[in-house]
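Add chain B to chain A, keeping to what the hints say.
In order, the protein sequences belong to chains A and B.
Reminder that position 324 of the first sequence reads as 324 in the working numbering, one-by-one numbering, no gaps.
Reminder that position 330 of the second sequence reads as 330 in the working numbering, one-by-one numbering, no gaps.
If you are wondering where the hints come from, they were derived from the structure by calculation, not from laboratory data.
Among the hints, erroneous ones may be present.
Since copy identity is lost for identical chains, a pair holds within one copy or between any two.
[To be verified] With a Cα cut of at most 25 Å, we get these calculated DSS-like pairs of lysine-lysine:
hint : residue 1 : residue 2
1    : Lys334    : Lys297
2    : Lys322    : Lys94
3    : Lys322    : Lys61
4    : Lys61     : Lys334
5    : Lys94     : Lys297
6    : Lys322    : Lys334
So you can see what is in the structure, the chains are spelled out below.
Protein chains: 2
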Amino acid sequence: MQTLELDLGNRSYPIHIGRGLLSQPELILPHIHGASCVTVSNETVAPLYLSQLEQNIAALKHSAVVLPDGEAFKNLETINLIYTHLLEQHVDRKTTLLALGGGVVGDMCGFAAASYQRGVNFIQIPTTLLSMVDSSVGGKTGVNHALGKNMIGAFYQPQCVLIDTDVLSTLDDRELSAGLAEVIKYGLIRDVEFLHWLDDQMDNLLARDPDVMAEAIFRSCQHKAEVVAADEFEADQRALLNLGHTFGHAIESAMGYGNWLHGEAVAAGMVMAAEHSLLMGWLDTDEVEFIRRLLIKARLPVAPPESMSSDDFMRYMSVDKKVLDGTLRLILMKGLGESVITADFDPAALQRVLARDL
Amino acid sequence: MQTLELDLGNRSYPIHIGRGLLSQPELILPHIHGASCVTVSNETVAPLYLSQLEQNIAALKHSAVVLPDGEAFKNLETINLIYTHLLEQHVDRKTTLLALGGGVVGDMCGFAAASYQRGVNFIQIPTTLLSMVDSSVGGKTGVNHALGKNMIGAFYQPQCVLIDTDVLSTLDDRELSAGLAEVIKYGLIRDVEFLHWLDDQMDNLLARDPDVMAEAIFRSCQHKAEVVAADEFEADQRALLNLGHTFGHAIESAMGYGNWLHGEAVAAGMVMAAEHSLLMGWLDTDEVEFIRRLLIKARLPVAPPESMSSDDFMRYMSVDKKVLDGTLRLILMKGLGESVITADFDPAALQRVLARDL
Numbered sequence: 001m002q003t004l005e006l007d008l009g010n011r012s013y014p015i016h017i018g019r020g021l022l023s024q025p026e027l028i029l030p031h032i033h034g035a036s037c038v039t040v041s042n043e044t045v046a047p048l049y050l051s052q053l054e055q056n057i058a059a060l061k062h063s064a065v066v067l068p069d070g071e072a073f074k075n076l077e078t079i080n081l082i083y084t085h086l087l088e089q090h091v092d093r094k095t096t097l098l099a100l101g102g103g104v105v106g107d108m109c110g111f112a113a114a115s116y117q118r119g120v121n122f123i124q125i126p127t128t129l130l131s132m133v134d135s136s137v138g139g140k141t142g143v144n145h146a147l148g149k150n151m152i153g154a155f156y157q158p159q160c161v162l163i164d165t166d167v168l169s170t171l172d173d174r175e176l177s178a179g180l181a182e183v184i185k186y187g188l189i190r191d192v193e194f195l196h197w198l199d200d201q202m203d204n205l206l207a208r209d210p211d212v213m214a215e216a217i218f219r220s221c222q223h224k225a226e227v228v229a230a231d232e233f234e235a236d237q238r239a240l241l242n243l244g245h246t247f248g249h250a251i252e253s254a255m256g257y258g259n260w261l262h263g264e265a266v267a268a269g270m271v272m273a274a275e276h277s278l279l280m281g282w283l284d285t286d287e288v289e290f291i292r293r294l295l296i297k298a299r300l301p302v303a304p305p306e307s308m309s310s311d312d313f314m315r316y317m318s319v320d321k322k323v324l325d326g327t328l329r330l331i332l333m334k335g336l337g338e339s340v341i342t343a344d345f346d347p348a349a350l351q352r353v354l355a356r357d358l
Numbered sequence: 001m002q003t004l005e006l007d008l009g010n011r012s013y014p015i016h017i018g019r020g021l022l023s024q025p026e027l028i029l030p031h032i033h034g035a036s037c038v039t040v041s042n043e044t045v046a047p048l049y050l051s052q053l054e055q056n057i058a059a060l061k062h063s064a065v066v067l068p069d070g071e072a073f074k075n076l077e078t079i080n081l082i083y084t085h086l087l088e089q090h091v092d093r094k095t096t097l098l099a100l101g102g103g104v105v106g107d108m109c110g111f112a113a114a115s116y117q118r119g120v121n122f123i124q125i126p127t128t129l130l131s132m133v134d135s136s137v138g139g140k141t142g143v144n145h146a147l148g149k150n151m152i153g154a155f156y157q158p159q160c161v162l163i164d165t166d167v168l169s170t171l172d173d174r175e176l177s178a179g180l181a182e183v184i185k186y187g188l189i190r191d192v193e194f195l196h197w198l199d200d201q202m203d204n205l206l207a208r209d210p211d212v213m214a215e216a217i218f219r220s221c222q223h224k225a226e227v228v229a230a231d232e233f234e235a236d237q238r239a240l241l242n243l244g245h246t247f248g249h250a251i252e253s254a255m256g257y258g259n260w261l262h263g264e265a266v267a268a269g270m271v272m273a274a275e276h277s278l279l280m281g282w283l284d285t286d287e288v289e290f291i292r293r294l295l296i297k298a299r300l301p302v303a304p305p306e307s308m309s310s311d312d313f314m315r316y317m318s319v320d321k322k323v324l325d326g327t328l329r330l331i332l333m334k335g336l337g338e339s340v341i342t343a344d345f346d347p348a349a350l351q352r353v354l355a356r357d358l
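Same shape as in the complex, but just chain A:
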């Protein structure tokens, strides 16, 4: 097992990564301070791992709420199912919620924890690669609104993140690739050496080699923890983690939540950011080709859906959280492993990327 610490003063917490962690109560119990806990999971994950998790908490009062699976259910109505369960179980402020699932479960459980009785503790137990390397770390919680992704939520940190890499054995191939998009993202933002390592190891990653996978997760979490520790509330540099996300969120919203996986939309979005960077003269053709080939190797899409017009993009991008006082800010690249947040881009170049006029 490897352990990272996310350093946030009195809100610091450990991230444990390793095999078989779901069966190690000594990792979970120290973070449960009251006499009860409630697991939040979904219909896909609960049949696989809920009973294994509940063996750790058998001595406590515990119950579980099992949500429908998928991004389409990441909304206020589903959050209300969690609140209703908590109130029906007479769960008090000293309870701890356990988020057992992917990013959707973690984001919703985290926001429920942030808002139930104005805040209870929670633990992230991610079961998809994407949630292990990204959404379970850093305290972004929330739900979608019909008019925009992740528009409702809170910054609210867990007590601990428990990453049991054994659970990846049951993840389907499409979800695995979607997670790799966020892994590749860290390389593109801030670590060119990691990017080349990923290029070398891609076959092993797709074959789910446990050691290679653990190394990719550890290095991803390390990047995430460093960025979040420096800028918890996204005043500035944390926004770099949204490389590809402004385009990606627009794709997810326009196509209907859940039809494109988040990681798939981010992959296409990162290619669009690369194309825009190329038009700005900040990347060269070889670099853009390298990015495209690496994503294809990870079995990810490298272009937006053909049905989307540039007007579709602009409509969804105008509510992006990186818009400040009416100015759209984008994450672009100035070389492999170096991304920047900028409002100072050529709008004609953006227009060409959105209209696929390349």
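This is chain B only, laid out in the frame that chain A set:
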């Protein structure tokens, strides 16, 4: 004008109290950092004061969302009306929300501010006596759930509280009395001298004498600010501010939100706390009679609805936020001006109070 400072480190803010403050842009504008703001109000208050408020922000991009009036609408569905308005207006993270209304508007606008794009600034502009002396100060925000009052929310502080006492001229008598319940509460919790002053000044308060009213509001906000500064997240002493509220919330929930005003339910709840304290030997008969007479003078109820059984009370009280690990804690009195939080009470005495077997 008088100004108090609520001291919460980098979340500190001023509370301005005085006449005509709604027409003083220099009090509002310094707290608006972006280029836009959105007022949240309701159907009763907006026709009276929205245009006056909007004169302060005429130079900014601004809009308003007008909610239905009343506690019955303090829920997630109504919050969603705010989110939808913000997204339709393409409002970004640098916007400021203005809560113009009573406690329901302030609590909902505050929670919308806490959760829209994971947090935007907001300003409290309370228009009822109750919200001026209690809910606008201290950062408790949220909504009700069908199974319990204020069960969903966040601790989220405003940038400023602006109390224009002139707006009390349009408050109806029943709302005025409901506000006086929370004013009297501060006396009962921690200031016996204030309690006697209120007893002396009750006729002037009911006549809305501006100077007497301003003094009552100032002293109430001073108490609230001191308690919140010492215990922002209600680890301990802040719970004293809930004197009468455990019983009161049960009354509000059982009777249907809005049928009893919050202050009315708190008044009856404070009498029940006094009766319980009498049975514990902590108050004497004269003290309980003084409390009852003072509340009657303020035109408030001093007993719970006859239709409520002790079972009704227990059902709603079991989800109270002061329940910890299954133990109900109550706020009781050990003399006038001295309240305590205790789990160490005689359950038989509680049962007698709930069953009205006194």
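Hints and how they fare:
In this assembly of identical chains, the alpha carbons of Lys334 and Lys297 lie at most 25 Å apart only when taken from the same copy (23 Å versus 73 Å across copies). In this homomeric assembly, Lys322 and Lys94 come within 25 Å of each other (Cα to Cα) only across copies, at 10 Å, whereas the closest approach inside a single copy is 35 Å. Proximity of Lys322 and Lys61 under a CA criterion of 25 Å is satisfied inter-copy only: 19 Å between copies versus 42 Å inside one chain copy. Taking CA atoms no more than 25 Å apart as the test, Lys61 paired with Lys334 passes in neither setting, with 53 Å inside one copy and 35 Å between copies.
Taking the shortest Cα distances, Lys94 and Lys297 never come within 25 Å of each other, neither inside one copy (47 Å) nor across copies (40 Å). Proximity of Lys322 and Lys334 under a CA criterion of 25 Å is satisfied intra-copy only: 19 Å inside one chain copy versus 54 Å between copies.
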